[in-house]
Amino acid sequence: MYTPFPQKYRPRILSQLTGQEYIQRTLSNAIQGNKIAPAYLFTGERGTGKTSTARILAKSLNCTATDQPTVTPCGQCQSCRSIEKGSSLDVMEIDAASHNGVEDARNLIERVHFAPAIGRYRIFVLDEVHCLSSQAFNALLKCLEEPPAHVVFILCTTEAHKVLPTIVSRCQVFRFQPLSVDAIVQHLTMIAEKEAIPITSSAKIAIARACGGGLRDALQLLGQLSLLGEEITHSQVLALSGRVSESDLVTILHRINTGDTLKLLQLSRELLDSGKTPLTLLTSLLSCYRDLLLVANVPDCSSLLTSGVSYPKLKAIAKTWSQSSIHQGFEQLSASEWQLNKSVQPSLWLEVCLLGLIPKSPKTKPRNHQTHKRNSTSVSSSKPLDLKNTIWETVLSKASEKNRVFLSVAFLAELTEQKAILAVPPPYLNKFNRNIRKVQKLFLAATGINYQVLIQEGNQ
1 MYTPFPQKYR PRILSQLTGQ EYIQRTLSNA IQGNKIAPAY LFTGERGTGK
51 TSTARILAKS LNCTATDQPT VTPCGQCQSC RSIEKGSSLD VMEIDAASHN
101 GVEDARNLIE RVHFAPAIGR YRIFVLDEVH CLSSQAFNAL LKCLEEPPAH
151 VVFILCTTEA HKVLPTIVSR CQVFRFQPLS VDAIVQHLTM IAEKEAIPIT
201 SSAKIAIARA CGGGLRDALQ LLGQLSLLGE EITHSQVLAL SGRVSESDLV
251 TILHRINTGD TLKLLQLSRE LLDSGKTPLT LLTSLLSCYR DLLLVANVPD
301 CSSLLTSGVS YPKLKAIAKT WSQSSIHQGF EQLSASEWQL NKSVQPSLWL
351 EVCLLGLIPK SPKTKPRNHQ THKRNSTSVS SSKPLDLKNT IWETVLSKAS
401 EKNRVFLSVA FLAELTEQKA ILAVPPPYLN KFNRNIRKVQ KLFLAATGIN
451 YQVLIQEGNQ
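Residues in the sequence shown are numbered consecutively from 1, following UniProt numbering.
Hints listed in this document are in silico derivations from the structure and should not be mistaken for laboratory results.
Some hints could be false.
What the hints assert, rightly or not - Quick list of simulated restraints, FRET-style, between CB atoms:
#1 T320 <-> E195: 40 to 46 Å
#2 K194 <-> D300: 30 to 36 Å
#3 T251 <-> P4: 34 to 40 Å
#4 H161 <-> V344: 24 to 30 Å
#5 T64 <-> S98: 28 to 34 Å
Unchecked claim - The calculated BS3-like cross-link candidates involving lysine-lysine, where the alpha carbons are at most 27 Å apart (straight line), are:
#6 K388 <-> K398
#7 K342 <-> K319
#8 K419 <-> K441
#9 K388 <-> K441
#10 K276 <-> K398
#11 K388 <-> K438
#12 K313 <-> K263
#13 K263 <-> K319
#14 K419 <-> K402
#15 K142 <-> K194
#16 K35 <-> K8
#17 K398 <-> K431
#18 K438 <-> K419
#19 K419 <-> K398
#20 K398 <-> K263
#21 K342 <-> K419
#22 K162 <-> K342
#23 K85 <-> K8
#24 K342 <-> K315
#25 K194 <-> K263
#26 K263 <-> K276
#27 K441 <-> K431
#28 K263 <-> K388
#29 K388 <-> K431
#30 K194 <-> K162
#31 K342 <-> K441
#32 K194 <-> K85
Beta carbons are placed, not taken as given, at the ideal position from N, Cα and C, and that holds for glycine.
The task is simple: from the sequences and hints, build the whole structure.
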């Protein structure tokens, strides 16, 4: 029977942990010195080894092949085999997300007082412990305050800030860091050699970057790609992981720089139709702008790039862009990320964001007679469209003719992530205040975001 790579290559002993040297060394010394804490809290991103480490620790404490806890559990004794299968009477793995009530916590308290059946300790592994209710947390706290000598709690969570501080203070806390690209690539290389999987170096780097520091996701992606039955390439990784290709990103940047609005929106629509999500496009562009800032300011920074666009291409693009335009684009994309997540029409919001990145007109060399004019169009055209103006123009364009006439006396004075402040001449203040819900609906229909609309006195 086929075994997925994350299960097949799951570490069995502490020395096999990847990218968590501090945790590996600390737990090994604790086991060898027989200094076992009554409670541990493992926190970190998904796929970084929290549950695997909990099982290894359980086997190390309860392996019956030795007289004392060991850093190298045999994996063959009854205790080790039952822990591996998840059927051990002494090690209970509890999904806190589905067993989060106070009754579940009380049942846990009752089982705490039972003596171990085979091993030395009764070990309780609570996965996603942050999902416990407040009553369940309080019941668990009673167990941690005065735990029996034969009991060890291992709490695992991806959101440590949701765990009660009184519980955290009673645990030894181990923070599992996202793995570096180099560590993941090294591990993928080892597995590819064992499994005889042909894969290019650039493909391994692309897998490592796509998984966001989680080794489990990287192994899962490698397993999927291996089923293609041919050499795994960089483009295949991008296609399967849903990321935007280098050529598409370069084309988007070029069309933003040249102000080719129609072709930019057409390419955006093609990518969305091919299965890319609006958030994927936006975050990919955000990585590009971040890399452009690095390339423009840091010599030989190829090892720090994350967007997937090669250093030579980024260098060529950076030469044609001003630093201020890169900074403004980066800030605008960062602000739009939150709004895109909240929008009920993310595709529409993405297009609005892209329009805000485009200069007012294509970059052209200014004519001689315009060079010394303070307000020349060549100067103003080099500045990106203001997002606030773009949003207001979108609201007006989406409104009916009657509503457009109604809104035309006002202007958008201020725009934040949640609020839109309209400035209205004094004679129209009462009318706008009476119709404020109507204005909110117009904003929602045009942008997909439920802004809180405020009215203030002001003239254009």
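Hint check results:
no.	hint	in the structure
1	T320 <-> E195: 40 to 46 Å	44 Å, holds
2	K194 <-> D300: 30 to 36 Å	35 Å, holds
3	T251 <-> P4: 34 to 40 Å	36 Å, holds
4	H161 <-> V344: 24 to 30 Å	28 Å, holds
5	T64 <-> S98: 28 to 34 Å	31 Å, holds
6	K388 <-> K398	16 Å, holds
7	K342 <-> K319	35 Å, violated
8	K419 <-> K441	13 Å, holds
9	K388 <-> K441	18 Å, holds
10	K276 <-> K398	26 Å, holds
11	K388 <-> K438	20 Å, holds
12	K313 <-> K263	20 Å, holds
13	K263 <-> K319	23 Å, holds
14	K419 <-> K402	24 Å, holds
15	K142 <-> K194	48 Å, violated
16	K35 <-> K8	31 Å, violated
17	K398 <-> K431	21 Å, holds
18	K438 <-> K419	15 Å, holds
19	K419 <-> K398	19 Å, holds
20	K398 <-> K263	22 Å, holds
21	K342 <-> K419	13 Å, holds
22	K162 <-> K342	22 Å, holds
23	K85 <-> K8	13 Å, holds
24	K342 <-> K315	34 Å, violated
25	K194 <-> K263	46 Å, violated
26	K263 <-> K276	17 Å, holds
27	K441 <-> K431	16 Å, holds
28	K263 <-> K388	23 Å, holds
29	K388 <-> K431	23 Å, holds
30	K194 <-> K162	41 Å, violated
31	K342 <-> K441	16 Å, holds
32	K194 <-> K85	25 Å, holds
Checked against the numbered hints given earlier, this structure breaks hints 7, 15, 16, 24, 25, 30; the rest are met.
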